[in-house]
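Same order as they appear, the protein sequences are chains W and L.
Using our numbering, the letters of the first sequence map in sequence onto residues 1 to 413.
Using our numbering, the letters of the second sequence map in sequence onto residues 414 to 826.
Read the hints as simulated data drawn from the structure, not as lab findings.
Every residue gets a Cβ at the ideal spot worked out from N, C-alpha and C, and that includes glycine.
The reader is advised that the hints may include incorrect statements.
[Unchecked claim] Listing some non-contacts, in silico: residues in chain L with all C-beta distances to chain W over 12 Å:
#1 Thr-491
#2 Arg-552
#3 Gln-622
[What the hints assert, rightly or not] Straight-line Cα separation of at most 25 Å, DMTMM-like style, residue types lysine to aspartate or glutamate; simulated pairs:
#4 W/Lys-72 x L/Glu-608
#5 L/Lys-457 x W/Glu-80
#6 W/Lys-44 x L/Glu-475
The residues making up each chain are set out below.
There are 2 protein chains.
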Amino acid sequence: MSERIHARYWLETGDDPRRAAEVIAGEQSSGTFLTLPNETPELKARSGARIERLDVLEQVPEPSLPGGLRSKVYTRCTLELSWPIENLGPSLTNLMATVAGNLFELRQVSGLRLTGLRLPAAFAAAYPGPAFGVAGTRRLAGVASGPLIGTIIKPSVGLDPQQTAEQVRQLVDGGIDFIKDDELQADGPHCPFDERVRASMRVIHDGAQRHGRQAMMAFNLTGDLDQMRRRHDLVASLGGSCVMVSLNAIGLVGLLELRRHASLPIHAHRCGWGYLSRCPALGWDYAPWQQIWRLAGADHLHVNGLRNKFSESDDSVIAAARAVQQPLFAHAPMAAMPVFSSGQTGLQAPGTFAALGNADLIHAAGGGIFGHPGGIAAGVSAFRQAWDAAMAGVPLAEHARTHAELQAGLGFW
Amino acid sequence: MSERIHARYWLETGDDPRRAAEVIAGEQSSGTFLTLPNETPELKARSGARIERLDVLEQVPEPSLPGGLRSKVYTRCTLELSWPIENLGPSLTNLMATVAGNLFELRQVSGLRLTGLRLPAAFAAAYPGPAFGVAGTRRLAGVASGPLIGTIIKPSVGLDPQQTAEQVRQLVDGGIDFIKDDELQADGPHCPFDERVRASMRVIHDGAQRHGRQAMMAFNLTGDLDQMRRRHDLVASLGGSCVMVSLNAIGLVGLLELRRHASLPIHAHRCGWGYLSRCPALGWDYAPWQQIWRLAGADHLHVNGLRNKFSESDDSVIAAARAVQQPLFAHAPMAAMPVFSSGQTGLQAPGTFAALGNADLIHAAGGGIFGHPGGIAAGVSAFRQAWDAAMAGVPLAEHARTHAELQAGLGFW
Numbered sequence: 001m002s003e004r005i006h007a008r009y010w011l012e013t014g015d016d017p018r019r020a021a022e023v024i025a026g027e028q029s030s031g032t033f034l035t036l037p038n039e040t041p042e043l044k045a046r047s048g049a050r051i052e053r054l055d056v057l058e059q060v061p062e063p064s065l066p067g068g069l070r071s072k073v074y075t076r077c078t079l080e081l082s083w084p085i086e087n088l089g090p091s092l093t094n095l096m097a098t099v100a101g102n103l104f105e106l107r108q109v110s111g112l113r114l115t116g117l118r119l120p121a122a123f124a125a126a127y128p129g130p131a132f133g134v135a136g137t138r139r140l141a142g143v144a145s146g147p148l149i150g151t152i153i154k155p156s157v158g159l160d161p162q163q164t165a166e167q168v169r170q171l172v173d174g175g176i177d178f179i180k181d182d183e184l185q186a187d188g189p190h191c192p193f194d195e196r197v198r199a200s201m202r203v204i205h206d207g208a209q210r211h212g213r214q215a216m217m218a219f220n221l222t223g224d225l226d227q228m229r230r231r232h233d234l235v236a237s238l239g240g241s242c243v244m245v246s247l248n249a250i251g252l253v254g255l256l257e258l259r260r261h262a263s264l265p266i267h268a269h270r271c272g273w274g275y276l277s278r279c280p281a282l283g284w285d286y287a288p289w290q291q292i293w294r295l296a297g298a299d300h301l302h303v304n305g306l307r308n309k310f311s312e313s314d315d316s317v318i319a320a321a322r323a324v325q326q327p328l329f330a331h332a333p334m335a336a337m338p339v340f341s342s343g344q345t346g347l348q349a350p351g352t353f354a355a356l357g358n359a360d361l362i363h364a365a366g367g368g369i370f371g372h373p374g375g376i377a378a379g380v381s382a383f384r385q386a387w388d389a390a391m392a393g394v395p396l397a398e399h400a401r402t403h404a405e406l407q408a409g410l411g412f413w
Numbered sequence: 414m415s416e417r418i419h420a421r422y423w424l425e426t427g428d429d430p431r432r433a434a435e436v437i438a439g440e441q442s443s444g445t446f447l448t449l450p451n452e453t454p455e456l457k458a459r460s461g462a463r464i465e466r467l468d469v470l471e472q473v474p475e476p477s478l479p480g481g482l483r484s485k486v487y488t489r490c491t492l493e494l495s496w497p498i499e500n501l502g503p504s505l506t507n508l509m510a511t512v513a514g515n516l517f518e519l520r521q522v523s524g525l526r527l528t529g530l531r532l533p534a535a536f537a538a539a540y541p542g543p544a545f546g547v548a549g550t551r552r553l554a555g556v557a558s559g560p561l562i563g564t565i566i567k568p569s570v571g572l573d574p575q576q577t578a579e580q581v582r583q584l585v586d587g588g589i590d591f592i593k594d595d596e597l598q599a600d601g602p603h604c605p606f607d608e609r610v611r612a613s614m615r616v617i618h619d620g621a622q623r624h625g626r627q628a629m630m631a632f633n634l635t636g637d638l639d640q641m642r643r644r645h646d647l648v649a650s651l652g653g654s655c656v657m658v659s660l661n662a663i664g665l666v667g668l669l670e671l672r673r674h675a676s677l678p679i680h681a682h683r684c685g686w687g688y689l690s691r692c693p694a695l696g697w698d699y700a701p702w703q704q705i706w707r708l709a710g711a712d713h714l715h716v717n718g719l720r721n722k723f724s725e726s727d728d729s730v731i732a733a734a735r736a737v738q739q740p741l742f743a744h745a746p747m748a749a750m751p752v753f754s755s756g757q758t759g760l761q762a763p764g765t766f767a768a769l770g771n772a773d774l775i776h777a778a779g780g781g782i783f784g785h786p787g788g789i790a791a792g793v794s795a796f797r798q799a800w801d802a803a804m805a806g807v808p809l810a811e812h813a814r815t816h817a818e819l820q821a822g823l824g825f826w
């Protein structure tokens, strides 16, 4: 192995930028605050992180984050560091400790955000990536082209298993492709996982017999490892086709072990993403973050949606979705499906398609389907018609002239 | 089960604070953006999160975080929410998704930080807590009272197994209580875990024979689950007494599974803590964060140190250390040992002891030991003498008059 791990950062520092970069590189490899006699030039050349690039962007008078060196001016820059893979081997957990470890706490840092990651091919050999990805998900969902039209059980939490199954029945009858549990609903005493899955799968199989196509439902099995394995096996044994998990809750070992065990696609929820990303001067961009989870085996990754109900900008949403679709390695693309949700309706179909240039995605709407004046089936149809129009390059209003559900949807959305 | 989960937040909002609190409570339980026909009053009363307390602190003209509702004024408050445990059961992973999930991304939020957590006793029944804690660690380290005087192998990364063992030998000969790998050093090709452990344990056993007491070494086994289990078993089979792991790298399932498997204390490193906490308006306080990891089984938890080389204030360090020592439940205290490190010397002993009122802790110094003019053994002695003085309430300078190593240390530190 001789390839290096590359990480890019947005850095703000009250120190000289070159010195700050050297402190960061040192802290995350062979350096210490005191020069030690055994940190020889040979050791440093072999094991030290290297500054590959440092470009000054601008200077500002106030620090973005407190606690750093006091200065009259804070310099913002882009920084690229690299590490020899001999320091850690192709290990995702140790990659985390290396590229996203202590460095955020340094006094030389008044802002630091991990913006990019380039990994040696050894990681592709060491980790499986998604087992299903786009092709496998399409096959199991019976959706050969276009997006999977999806929705989320609502209220998020509070329905019992029978009430959940009743909502699933309506959605399946309405022709939905994809349903997911809310991330708040896993195995609470009021809506136990097993009962919810049994009741829902009965309804899904009934629907499949009538429609000739089985809706995919992502059951949220987030929990301890034994619980997740057991819940996965229940879903599989009942003929289900997807499981869901909250990545920040279970962590990297959780996803790796679920991926090893699973025979179904893994729908990966990013709840908690806000605390990793909402401060622009700190934390993670989505591009490097999703890379790690794709390597570990996520098939579907949430990316919010255009004009969403949250605080994320459209540019950020699209950058995230493109990142999820971008090949990780030329020989091992490990592409996952981006999941668009949050305040979505057919109105976002044209913009989403235009930005990505493809429909290899899941598009989930709640109110946009349930609230349709013609009912759930009309809501699903209207959403699908909006996508048909978007993919054909036809304006929604024009397509709506010959598609009544879309027409009614446009009035409602 | 009828107890509720309580979480406290620091909240900043461009909205009316009461409305913002209701949106947060709704988003994290039964609410949605549209009122749904099946969100009945009964369902809401049973499953909705409840606003227990909302106290306005101040108003500011600019938002701390971008992307939220625009307003002329942003109100800062403390907010306490509670959830019925029936929503999720006593599940740490689902607790994460509930108290630290989507809420940080809401447009009603221009700042949100989780500051406290109070859990029903069901969590104490569902999770093991530390297997060793203070008493077990003291027993294995052979340190009946006072702090474990510790250090970290340096350079962090770059030494090979033999060079590491040579450093361990010097430390053991110097009378050290505790040694840890750096969080950057796990199983890299240049310093494979197995060889490092074998070489180090030979030296540690030699030292134990001479000194009648075995130094505790925390070997960093961070990795995938199989790797961690196998590495743990190697350490145990060679008579080692501690393993170390990076919590944010492996995640909650990783620690839970390691705890289930382990027969040794788990030294928990918090690298990455900066991206969770460095922005005061976002993320996590240490108190609720460490609670989750203690329940999951961490025996030792890093808390930085007084006058550290990083950006954290002394107040924050002491609050973190007190949190680690505070009982989680009256009947199940699950206390862990705080680990003080980063730019530490004997000079920080009096302040650390005064703030905690006890010495149930690990205090690690690097340069403060290695750089002592009398060598490593003198460095360890000086550090220990500083603690003896602190615990006896004697000023360091006074104690130094009759303790040559401390005298020399004071000149050097």
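Right, here's what the structure says about each hint:
With 12 Å as the threshold on Cβ separation, the claim that L/Thr-491 sits away from chain W holds: the shortest Cβ distance comes to roughly 18 Å. No Cβ of chain W comes within 12 Å of the Cβ of L/Arg-552; the nearest lies about 29 Å off, and the non-interface call holds. In this structure L/Gln-622 is separated from chain W by more than 12 Å, as the shortest Cβ-Cβ distance comes to about 26 Å. For the given pair, W/Lys-72 sits about 49 Å from L/Glu-608 by alpha-carbon distance, which is inconsistent with the 25 Å threshold.
Our distance criterion of 25 Å between C-alpha atoms is broken by L/Lys-457 and W/Glu-80, whose separation comes to about 50 Å. For the proposed pair W/Lys-44 and L/Glu-475, the alpha carbon gap of about 45 Å is over 25 Å, so the pair is violated.
The structure shown violates the earlier hints numbered 4, 5, 6.
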